[in-house]
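In order, the protein sequences belong to chains A and B. Oh and the first sequence: position 31 is 739 in the working numbering, straight run, nothing missing. Oh and the second sequence: position 178 is 305 in the working numbering, straight run, nothing missing.
Just so you know, the hints here were simulated from the structure itself, not pulled from any lab data. Every residue gets a Cβ at the ideal spot worked out from N, C-alpha and C, and that includes glycine. Possibly wrong hints are sitting among the right ones.
[What the hints assert, rightly or not] SDA-like mimics (lysine to any residue), calculated; alpha carbons at most 25 Å apart, straight line: (1) Lys722/A <-> Lys270/B; (2) Lys271/B <-> Leu861/A; (3) Lys253/B <-> Glu290/B.
[Said to hold, decoys possible] If you want the footprint, here are the derived chain A segments under chain B, 3+ residues with CB under 8 Å: (4) 756 to 767; (5) 836 to 844; (6) 858 to 868.
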Amino acid sequence: MEALEKREELIVIKSNLKKQQRQLFIRRFFANKLAVVGLAIIIFLILLSILGPLVISHDPYGMKVDDRLGAPSSIHLLGTDEFGRDLLSRIIYGAQVSMGVGFAVAAIASIVGMAVGLYASYYRVLDNVLMRICDGIMAFPAILLAIALMAALGASTNNVILSLSIVYIPYIARVVRSAALVVREETYIEAMKAQGASSWRIIWLHIAPNTLSPLIVQATFIFANAIIVEAALSFLGAGVPAPDPSWGNILYDGKKVIFTAWWMVVYPGICIVLSVLGFNLFGDGLRDLLDPHTNQAKK
Amino acid sequence: MLMQVDKKHNTIQPIIEPSKPLLEVNGLKKHFSVRNPLGRLEATVKAVNNVSFQLHEGQTYGLVGESGCGKSTTGRTLLRLIEPTEGEAIFQGRDIFKLRKDEFQKIRQDMQMVFQDPYSSLNPRKRIGHTLEEPLKIHGIGKKSERVDLVMDILEKVGLRMEHFYRYPHEFSGGQRQRIGLARALIVNPKLVICDEPVSALDVSIQSQIINLLRRLQEELKLTYLFIAHDISVVRHISDRIGVMYLGQMVEDAPTDSLISNPLHPYTQALLSAVPIAKPNFQRERIILKGEIPSPMNPPSGCIFHTRCPKAMKICKTDFPIIKEVAPDHFVGCHLY
Chain A
709 MEALEKREEL IVIKSNLKKQ QRQLFIRRFF ANKLAVVGLA IIIFLILLSI LGPLVISHDP
769 YGMKVDDRLG APSSIHLLGT DEFGRDLLSR IIYGAQVSMG VGFAVAAIAS IVGMAVGLYA
829 SYYRVLDNVL MRICDGIMAF PAILLAIALM AALGASTNNV ILSLSIVYIP YIARVVRSAA
889 LVVREETYIE AMKAQGASSW RIIWLHIAPN TLSPLIVQAT FIFANAIIVE AALSFLGAGV
949 PAPDPSWGNI LYDGKKVIFT AWWMVVYPGI CIVLSVLGFN LFGDGLRDLL DPHTNQAKK
Chain B
128 MLMQVDKKHN TIQPIIEPSK PLLEVNGLKK HFSVRNPLGR LEATVKAVNN VSFQLHEGQT
188 YGLVGESGCG KSTTGRTLLR LIEPTEGEAI FQGRDIFKLR KDEFQKIRQD MQMVFQDPYS
248 SLNPRKRIGH TLEEPLKIHG IGKKSERVDL VMDILEKVGL RMEHFYRYPH EFSGGQRQRI
308 GLARALIVNP KLVICDEPVS ALDVSIQSQI INLLRRLQEE LKLTYLFIAH DISVVRHISD
368 RIGVMYLGQM VEDAPTDSLI SNPLHPYTQA LLSAVPIAKP NFQRERIILK GEIPSPMNPP
428 SGCIFHTRCP KAMKICKTDF PIIKEVAPDH FVGCHLY
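Using the sequences and the hints, build the whole thing.
Structure (structure tokens):
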């Protein structure tokens, strides 16, 4: 009977606390102006890539030979490219591809890299094997390896995602491993071992959450880099295959005509900068927010 | 030769102490190998060398000694956080060092540990309630709601409140965290708690609070403690029996009263002379040990203490002193006796 009352009281405490913490969380997130700006940019770009195709009036694939490299005008707001295709439509369609590639690569590399890093830090023998493989991958310049993988896999958007993920897994794995090596020595891990906790429980429930802060920073960096490397791949003909637009291949098409059609490099360039900036700001804010120690400091 | 000592221990012990020990450690050894980068064996660190002692139910055994003497290693080998090199530990009639991992898992519930550093012993990303619930989950005790009840009970027992359930470790002070560490050990209802310097990271005023809490819980829950500390003035307040370790070996082992009033080993005498006395005009002869503690990689020959011993004799350099029962139930390893 008494236990039941206590439990009910605890539920009240819990719901009050949850409400408080949610409010605090939101308030603290909005107190971090830069993170809010980052989130706004991300939301804007996501909306652009989802809703944009419904609004635009021009076909991103429709060529008009007499309208090549047209300057921005009332018909083509951002001008046209070297085949007379509407640049605004292509940037909006490209947003889906570029952001999609960036996000997918960051997500896959984070999940796989985290697993690799955690197990490498926990098992000594595995550490030597996994880290030497990572060293091998990292020894190649990212673009070179991506090109090689693309050549082997064939050009398609999915293969871009796959090969870039492989390229970036070691970057995540290294960061997670070094963070995990520190956490592994903490007394609370020893306390779990003293309880006889399974290594799965120790690795995923105790070590993993404590490696999230550096992981988030690294993941935002990879998101940004993936967009840029995808652009470079497109330029070399190993990226998202034409005629599909991506910010990268628009930018690199524009490079050839940079002196006559500045809009072809400026607008996709702005998009890449914006998305990278947005994710970096948001990532930093998220890291601060998820760290219980900074919660305390800012209260 | 050393086995003889153990035998002596066993034959004499039952006459004075009729109760059967809860944990009996015999000839425990832990040697660490130091290897050079090529993997060749360079030296062996004898962190724990032939340590034997007995823990009796409901009592507290204090293990003292300076940093690096192997007292923490002793505690850790008992939980098999470190695998021992040699020796046996009989817990409830079974040698825990010989058990398979899955067999030992059941015993872990009966043998819990409280750690020294209250700041790193709690996962900063877990709420206190979840940290305390975890041992129950690992040992498969109770359903979800029962576990929550148990957590609330234990919070109360260690002097914390229910609303602490959903807090994070950084919201607590050192003393409160140590209470949480204690709660984590006690929640699975253990028989034996290994306290590895549980108060040495705390303020003096908080130390006494935690010591009193430990004593109260010992009475309430019929606990047995292995209390590891470097501060003999703390250990004497809680222990029924004290073992003094030096450089991986047990040099003196006696009931607290006997050890404090009549320390026999020169090292114990030096340790006790360092304890401050709350009498301003009281002048006491301090025994200042000369030199540093020798490297356990290259321990002195004969008696390990002879390099710093104020009463060292010729024989100390060559012969290892056998542990003898000098006074009733008072064991010491020294050539003086």
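Hints and how they fare:
1. Lys722/A <-> Lys270/B: 19 Å, holds
2. Lys271/B <-> Leu861/A: Answer violated: Lys271/B to Leu861/A is near 49 Å, above 25 Å.
3. Lys253/B <-> Glu290/B: Distance ~15 Å between Lys253/B and Glu290/B Cα, so the pair holds.
4. 756 to 767: violated (count 0)
5. 836 to 844: Result for this restraint: violated, n = 0.
6. 858 to 868: violated (count 0)
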